[in-house]
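Peer 1: The residues making up each chain are set out below.
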Amino acid sequence: MMKGRLVPWLMVGPAVLVLGALFLVPLALVLLQSFGYQAVGSTGLTLAPWKSALSDPEFMGALVLSFRVALVSTLLAMALGLGLAVLLERNAGRYAFLTRLPLVVPHLVVGYLVLLLLGRTGLMARLGHALGLLAAPEQFPVLVNDRFGWGMILAYLWKEVPFVALMVYPLLGRGTAAWRDAARTLGATPWQALRHVILPLTWPAVAAAGAIIFAYSFGAFELPLLLGRSYPRALPVLAYQRYIDPDLGRRPEAMAIALVLTLAALAAAACYLVSLARMERALASVRRDEHG
Amino acid sequence: MRNLLQSSLVTLLLLTLVLTGCAGKAHPPAPAIDPAAADWATITAAARGTTVKFYMWGGSDTINRWVDGYVARRMSELYGVKVQRVPMDAPDFINKLLTEKQAGQTAGSIDLIWVNGANFKTARQGDLLWGPFAGRLPNFQAYVNAASPDVVTDFGFPVDGYEAPWGKAQFVMIYDSARVPEPPRSFAALAEWVRQNPGRFTYPAPPDFTGSAFTRMALYETTGGFAQYLTTYDEARLTQRWQPAWDLLTGMAPHLWLQGETYPETLARLHQLYADGEVWFSMSYDPAEASNMILKGAWPETTRTYLLDAGTIGNTHFTAVPFNAPNKPGAMLLADFLLSPEAQINKQDPHQWGDFVAIDPQKLPDADRQKLAGLARGPATLSPAELSARRVPELAPEYVGKLEAGWREQVARRAR
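Chains as they are written, first to last, in the numbering used here: chain A, 1 to 292; chain B, 1001 to 1416.
Think of the hints as simulated: they come from the structure by calculation, not from any bench.
Treat the hints with care, as some may be off.
Using C-beta positions, here's what the derived DEER-type ranges look like [claimed, not checked]:
id : chain 1 : residue 1 : chain 2 : residue 2 : range
1  : A       : L71       : B       : A1178     : 46 to 52 angstroms
2  : B       : P1244     : A       : L71       : 37 to 43 angstroms
3  : B       : R1073     : A       : N91       : 46 to 52 angstroms
4  : A       : L263      : B       : D1127     : 33 to 39 angstroms
5  : A       : L127      : B       : P1087     : 31 to 37 angstroms
6  : B       : G1135     : A       : V104      : 35 to 41 angstroms
7  : B       : D1068     : A       : M60       : 42 to 48 angstroms
8  : B       : G1225     : A       : P57       : 46 to 52 angstroms
9  : A       : T262      : B       : D1127     : 27 to 33 angstroms
10 : A       : S55       : B       : T1266     : 24 to 30 angstroms
Which chain A residues face chain B? A few, computed with CB under 8 angstroms, are given here [said to hold, decoys possible]:
id : residue
11 : L134
12 : F140
13 : R229
14 : L248
15 : E280
Within a straight-line C-alpha distance of at most 30 angstroms, the following computed DSBU-like cross-link-like pairs (lysine-lysine) qualify [as the list claims (entries may be wrong)]:
id : chain 1 : residue 1 : chain 2 : residue 2
16 : B       : K1402     : B       : K1296
17 : B       : K1101     : B       : K1082
18 : B       : K1082     : B       : K1296
19 : B       : K1402     : B       : K1101
20 : A       : K51       : B       : K1096
21 : B       : K1371     : B       : K1096
22 : A       : K51       : B       : K1402
23 : B       : K1096     : B       : K1082
24 : B       : K1371     : A       : K51
Note that the coordinates shown come from a computational prediction; the quantities given were computed from them, not determined experimentally.
Beta carbons: idealized from backbone N, C-alpha and C, even for Gly.
Given the sequences, and given the hints that come with them, work out the whole structure.
Peer 2: What follows is the structure in C-alpha cells.
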C-alpha cells in the first residue's frame, strides 16, 4: 500500500527536481529581484524598476521590433517550411539530408554568415559589383542592421524553415498522400488539395513548430546583437545591457524585461501545448488510415 | 519494479549533481597565511607553486599574447607561479563577483582582475574587492608616484589602495593618410569633413567604451572644456549644458556610415569596417593599437594616428583582487610583477604591446630610464611627449553613464 503510493512520486521525482531547482526557483528569484530584492541600494520591494523599465522610450520600440521580427520570421518559416516538406515528400525525401544541415549550425554562426554574405561590403555586394550589376558595392540594399530587421529574419528563416519541414514531414506519409490522391481523383486542383487536405492534416505540426520558433526568436540575444541596430535594440539585448550596466541599481530593470520575455515565451508555450495535443490526434488518425 | 529502481537511481543521480553543483568545485587548500598582514617574503613563499587566475578583457590578440607569453613565462621563471588568463569583459566578471557576493560564496574563482573606471567604482560600492593592497607591493613603493592624480583617483573615484596601476592609455584618432591627407583636428572640422565625404566616418555606439569616450570629447569641445565637469556628480550641470554636443552629433549623423541610421556596436566592428576600406577613420583608446595592426598586416601601411587640438581623454588602468580570491598571495605577486621596471618597459615595446608605463620614469635607475627612452615606437604611434601634452581627464562614472543614456535618447533615437 505504502509502496503503491510512493511509486508515482518517485516516477515524477527527477522531473520535479530538475524543474524546481533549475527553473522555478531561479524564476522566483528573478521575479523578486525585479521588485528590487537584494538590489544594491534597495530598501525593500518596490515597483520602481518596472516603472523605470517600461517607461523607457526605447522599451516600446524594442518590444515592437522583437515582436515584428519574431512574428514575420515565424509566419514565413511556417509557410516555407510546409512548402519544403511537400517538395521533399514529392521527391521521396532523396535530398532530405541537405535540408537538415542548417539544423546543426548554431545561430551565432548563421548571424556571421548573413553579415559576411549580405553586408554592404559582403560577398554578394562585391559579386554584384564584379559582375557589373552594381556601380559600387555600397549600392547593395541594406539587408543587415536595417530598420525593419530583414537581416535577422533571413537568418531565422535559414535556420527554421528546415525545422518546420522536419516537424511536418512525418505527417506527409502514405495516409495523407492517399487522402490527397483521393481529392485529386475527385477533381481537386493541386492548390485545393493543399488547402483542404494537406493543410488541415499538417496544421498542428506547423503550428507547434511556429510556437517554438516564436518563443525562441522573441527571446534570442545573439542575432539581434549582430544584425540589429543601435536604436531601438531588441528586448533581450536591452535586458543584457541593463544587466551589465555599471550602475548596479539598474539590475532589477533587467529582471523586469527578462520577465516580459518569459511571459511571451509562456504564451507561445501554451500555443505549443494546444497544437501538440492536436498533432497527436492527427498523427493517430493518419496512422489509423495507413494501417486500415 | 524495474521502473521504480530506474527512477530512484535517476533521482539519486540528479540529487548528487545538484548538491555537488551547489557545493562548488573543490579548491586547493588556501595558503595558511594571512595575506592581509604577512610580509612580502612570506607572500612570495606562499605563492610558489600556485596558479593565478587572471580575468581580463580578451579582445586584443596583442595583449593576450603578451600575457600568455612573456608574463606567464617570467612569473614561472621568477616565482614558480602559473598564470592562467581568462578572457572576460569587465562588466561580466564584476557581475559574476556580485552574484557570488549575494550567494555568500567566500571561495571564489578569480584571483586578479584588470579593471578601471565605472567597473572599479561598481566593485567598490558592492564591496567586491580585497584590500587595500597596492601600497604593500614593493614595486609600487619603489617606482610609482603615489601622489600623481591618475594613480590616486580612477575616473575621479578614490582608489584608496584597492587597485594597483598597470598602464596608461590615451584616446587617439586613426586615419588612412593615403585617403585623408589632412585629418580634421576638432569636432567642428570633423562635422565639415563628413559633410564633404559622406559615409566615410562613424564611431562605435555607446556604451561601447571607445565610442563613449568619443562622445565625451564632443561634449568637452562643444560646451567649453572639461574643467566644469570635474566635480562630484551634478546631473543638472550636465543636462543643462550638453545640448550643443547632441546638436553636433545629430548634425553629423546623416553623413555618417549607413546615413547614421545605425552605428557599429563594437570597436572591433569599426576596425573591421576600416580594414575593409568602408570607412576611412577608426579610433582607439590604445595609442599603439594602430601600429600593431600595421605590423600584423591587418591595416594599410599608410595608417596614422592623431590627436584633437583640444586634447584627447587619457586614463590609467589597474589590477585589483576580488574579495573572495582563492589565491591572494599569487594575485599580489602578479600585480607586483606587472609593475616591475622589467615588465613595464617590456610592455611599452611596440613589438610586445606598446602600452605606456604606469611607473614614474624619474624613479627608475639610469640604465632602465635610457632603455625606456630608447624604445622604438611603431610606425603610427605618437611620442609620449606629444600624447601627454594633449591629455585631458576622464569624468566621474555617473557623468559617463548619464551621457551614454543621453546619446541613446538624443542621437540614436533621433536618427531613426
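Peer 1: Take the hints in turn and mark each one as holding or not.
Peer 2: How the hints compare with the structure:
As the Cβ distance of A:L71 to B:A1178 is approximately 47 angstroms, the hint placing it in 46 to 52 angstroms holds. Between B:P1244 and A:L71 the Cβ separation comes to about 41 angstroms, which falls inside the hinted range of 37 to 43 angstroms. Taking 46 to 52 angstroms as the suggested C-beta distance range, the pair B:R1073 and A:N91 does not conform, at roughly 60 angstroms. For the hinted restraint 33 to 39 angstroms between A:L263 and B:D1127, the CB-CB distance of approximately 34 angstroms keeps it satisfied.
For A:L127 and B:P1087, the hinted distance range of 31 to 37 angstroms is satisfied, since their beta carbons lie about 35 angstroms from each other. Under the hint 35 to 41 angstroms, the C-beta atoms of B:G1135 and A:V104, about 55 angstroms apart, miss the expected range. Evaluation of the 42 to 48 angstroms hint for B:D1068 and A:M60 yields a pass: the beta carbon distance comes to about 46 angstroms. For B:G1225 paired with A:P57, a C-beta distance near 31 angstroms fails the hint of 46 to 52 angstroms.
For the hinted restraint 27 to 33 angstroms between A:T262 and B:D1127, the CB-CB distance of approximately 31 angstroms keeps it satisfied. For the hinted restraint 24 to 30 angstroms between A:S55 and B:T1266, the CB-CB distance of approximately 28 angstroms keeps it satisfied. For the restraint placing A:L134 at the interface with chain B, the shortest Cβ-Cβ distance is roughly 15 angstroms, beyond the 8 angstroms limit, so the hint is violated. Because the smallest distance between the Cβ of A:F140 and any Cβ of chain B comes to about 12 angstroms, over 8 angstroms, the interface hint for this residue is violated.
Interface hint at A:R229: satisfied, since its Cβ lies 4 angstroms from the closest Cβ of chain B, which is below the 8 angstroms cut-off. The interface hint given for A:L248 holds, since its Cβ lies 6 angstroms from the closest Cβ of chain B, which is under the 8 angstroms cut-off. At its closest, the beta carbon of A:E280 sits 23 angstroms from a beta carbon of chain B; the interface hint therefore is violated under the 8 angstroms criterion. Between the alpha carbons of B:K1402 and B:K1296 the distance comes to roughly 37 angstroms, so the proposed pair goes past 30 angstroms and is violated.
Restraint check for B:K1101 and B:K1082: satisfied, since their Cα atoms lie roughly 26 angstroms apart, inside the 30 angstroms limit. For the hint pairing B:K1082 with B:K1296, the CA-to-CA distance comes to about 28 angstroms; that is within 30 angstroms, so the pair holds. Distance check on the hinted pair: B:K1402 and B:K1101 sit about 27 angstroms apart at the alpha-carbon level, within 30 angstroms; holds. Annotation: proposed proximity of A:K51 to B:K1096 holds, straight-line Cα distance about 26 angstroms (limit 30 angstroms).
Distance hint between B:K1371 and B:K1096 is unfulfilled; the C-alpha atoms sit about 40 angstroms from each other, more than 30 angstroms. Of the supplied pair hints, the one linking A:K51 and B:K1402 holds, its CA atoms being roughly 19 angstroms apart against a limit of 30 angstroms. In summary, the hint linking B:K1096 to B:K1082 is supported, as the alpha carbons are separated by about 23 angstroms, within the 30 angstroms threshold. For the proposed pair B:K1371 and A:K51, the alpha carbon gap of about 59 angstroms is over 30 angstroms, so the pair is violated.
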